[in-house]
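Chain S: place on chain W using the hints.
Those sequence lines, one after another, are chains W and S. Everything in the first sequence is counted per the working numbering, starting at 10 for the first residue and increasing by one. Everything in the second sequence is counted per the working numbering, starting at 24 for the first residue and increasing by one.
Calculated directly from the structure, the hints in this document are not laboratory data. Just so it is clear, CB atoms sit at the ideal spot from N, CA and C, and this is done for glycine as well. One or more hints might be untrue.
[Unchecked claim] Among chain S residues calculated to face chain W with C-beta under 7 Å, some are: (1) L32; (2) N33; (3) R42; (4) L68; (5) A69; (6) V151.
[Claimed, not checked] Derived DEER-like restraints, expressed as beta-carbon distance ranges: (7) S/R187 to W/A101: 19 to 27 Å; (8) S/G120 to W/R65: 20 to 28 Å; (9) S/E188 to W/T37: 16 to 24 Å; (10) S/R100 to W/T37: 22 to 30 Å; (11) W/D142 to S/S158: 42 to 50 Å; (12) S/G161 to W/A101: 52 to 60 Å; (13) S/R35 to W/M10: 47 to 55 Å; (14) S/R100 to W/A21: 32 to 40 Å; (15) S/S158 to W/E18: 54 to 62 Å; (16) S/L32 to W/A130: 25 to 33 Å; (17) S/N91 to W/T37: 39 to 47 Å; (18) W/L41 to S/N91: 43 to 51 Å.
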Amino acid sequence: MAISTEVIELVALLTEEGYGTLAGELLTEISLGRELPPHFAQKVDPPTEEIEDEVRRVEIPEDEQLSFACDILILRLVEPVRRLAEAERGAASLLSQEQNRPDAVSIRFSRSRDDSGPTLARAEGAGQSETADALQEILTQLRSVAI
Amino acid sequence: MALPSNLALNLRTILRSFRAANRFTTVPGGTGKALEAWILMRLALAAKQSGAWHVTLRRGTGAALPRNGVFQFPATRHGIQPSSSSASCFVLLEQLGGGIDLELHGSLQWQGRSEAKHEIDVSVVPAVIAQALRSSNGGFPRGLPVLAVECKDKTSAGTSDEMRETLARMFDLALVTKLSPRWACRIIEAESSNDRYWTAWGRRSPTYRTFFAKGTFAIARAGQFSLGARQMSQHYHIRQVNSVYAPGLAFILSLEGDFRHTLRSIHRF
Chain W
10 MAISTEVIEL VALLTEEGYG TLAGELLTEI SLGRELPPHF AQKVDPPTEE
60 IEDEVRRVEI PEDEQLSFAC DILILRLVEP VRRLAEAERG AASLLSQEQN
110 RPDAVSIRFS RSRDDSGPTL ARAEGAGQSE TADALQEILT QLRSVAI
Chain S
24 MALPSNLALN LRTILRSFRA ANRFTTVPGG TGKALEAWIL MRLALAAKQS
74 GAWHVTLRRG TGAALPRNGV FQFPATRHGI QPSSSSASCF VLLEQLGGGI
124 DLELHGSLQW QGRSEAKHEI DVSVVPAVIA QALRSSNGGF PRGLPVLAVE
174 CKDKTSAGTS DEMRETLARM FDLALVTKLS PRWACRIIEA ESSNDRYWTA
224 WGRRSPTYRT FFAKGTFAIA RAGQFSLGAR QMSQHYHIRQ VNSVYAPGLA
274 FILSLEGDFR HTLRSIHRF
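This is chain W alone, in the form it adopts within the complex (with noise of 0.2 Å):
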């Protein structure tokens, strides 16, 4: 299946500016087509019926592979910090001091004692996701445009 240029450009892109592994997801996902919904089948006779196992795939036309790749990023990127910054917001319910409490609480991904290795902080403000929201808007534009 060929990949469009559109795609080509945007996963450059992605490995430049630091998302090689991600790039090279994407670059996978759609090579392999896009997936089926799943058979919500009705219940089948195990001795007569073969179960489904394989993810059936489709190709994706080269007009729309940019969008299916906007919305792979969106999955990908944008949700994981917005449900971060989600996480930081509850957290801060559950600090046991119930006066002054702050809006979020900082939530740091951090190696154990005994591993080397840098804490994988965030520099955005707890409970924010400002880059998260910019990025989506940026994803959308990219998707109007290949519709």
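Chain S only, in chain W's frame:
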């Protein structure tokens, strides 16, 4: 056709800001950790909203997290670490009116009957077990968790093989056969060479399915599940939570409801 140049330039600029603000998204598995943290906090809030549990954030020492504290979520697999301010944080669930206390952990490793260790993205361990480990040199809880959720932030569909992996983990953890003749239980702390000093919790079940029927077990995905995976999940009481990021949050709400049911029936464990 190339990307519109102005949009491409804007995307590059925004992506750089995004990366600078959220560096964990560039690390393999980083966005998966965000999903784990979100599910953990949502389950904690669900327990609090039930009205039957006092739920608080805790440091690695067991002390309450101060208002300006940072919740250290583990980025790598680990057991219960010895009490320390640098150890990972957790959520303490204290049953109102006295009773059973539980701890909600991220990326906690449990040790199976084969001696292999299994990392569970979000799990619940009885506080008495975790405290026994924390007050000694740390270690790994053994047995079947009260709650175990695998988090998959991939958009592709979950296959039967993924479900088999989850089941293999649960089979190894479930104490259908006892670790020691002295103890028939659900979860145990067994760090001492003398089993007399072990700490045990809950009842042992004679079969895997009866073991799995008590508790909340789930795979939470950004994508869907294949039909083959669904068969195994239904038989062995493993909830499939698909499209976790979908608007309306229907699937995550169902997981929260399942957890509240588990908490209401915790006295039967």
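Original post:
For the hint on S/R42, does the least C-beta distance to chain W fall short of 7 Å?
Top reply: With a closest approach of 5 Å, the S/R42 hint holds.
Original post:
Is 25 to 33 Å right for how far apart the beta carbons of S/L32 and W/A130 are?
Top reply: Once the Cβ atoms are compared, 29 Å apart, the range 25 to 33 Å for W/A130 and S/L32 holds.
Original post:
Is it true that the C-beta distance of S/E188 to W/T37 lies inside 16 to 24 Å, as the hint says?
Top reply: holds, 20 Å
Original post:
Can the suggested window of 39 to 47 Å be confirmed for the beta-carbon pair S/N91 and W/T37?
Top reply: holds, 43 Å
**OP:** Using the beta carbons of S/R100 and W/T37, state whether their distance is inside 22 to 30 Å or not.
**Re:** holds, 26 Å
Original post:
Is the distance from the Cβ of S/S158 to the Cβ of W/E18 consistent with 54 to 62 Å?
Top reply: Taking Cβ atoms as reference, S/S158 and W/E18 lie about 57 Å apart, which means the hint holds.
Subject >> Status of the given 52 to 60 Å range, CB of W/A101 versus CB of S/G161 >> reply: Because 29 Å falls outside the window, the suggested range is violated.
Subject >> C-beta pair W/L41, S/N91: status relative to the range 43 to 51 Å that was hinted >> reply: With Cβ atoms ~47 Å apart, the hint holds.
Original post:
Is the shortest C-beta separation between S/V151 and chain W less than 7 Å?
Top reply: violated, 20 Å
Subject >> Hint check for W/A101 and S/R187 - Cβ pair distance inside 19 to 27 Å >> reply: violated, 39 Å
**OP:** Hold the hint about S/A69 up to the distance rule: shortest CB distance to chain W must be less than 7 Å.
**Re:** Violated, because the Cβ-Cβ distance from S/A69 to chain W comes to roughly 10 Å (cut-off 7 Å).
Original post:
Do the numbers back the hint for S/L68, that is, is its least Cβ distance to chain W under 7 Å?
Top reply: holds, 5 Å
Checked against the numbered hints listed earlier, the structure breaks hints 1, 5, 6, 7, 8, 12 and 13; every other hint is satisfied.
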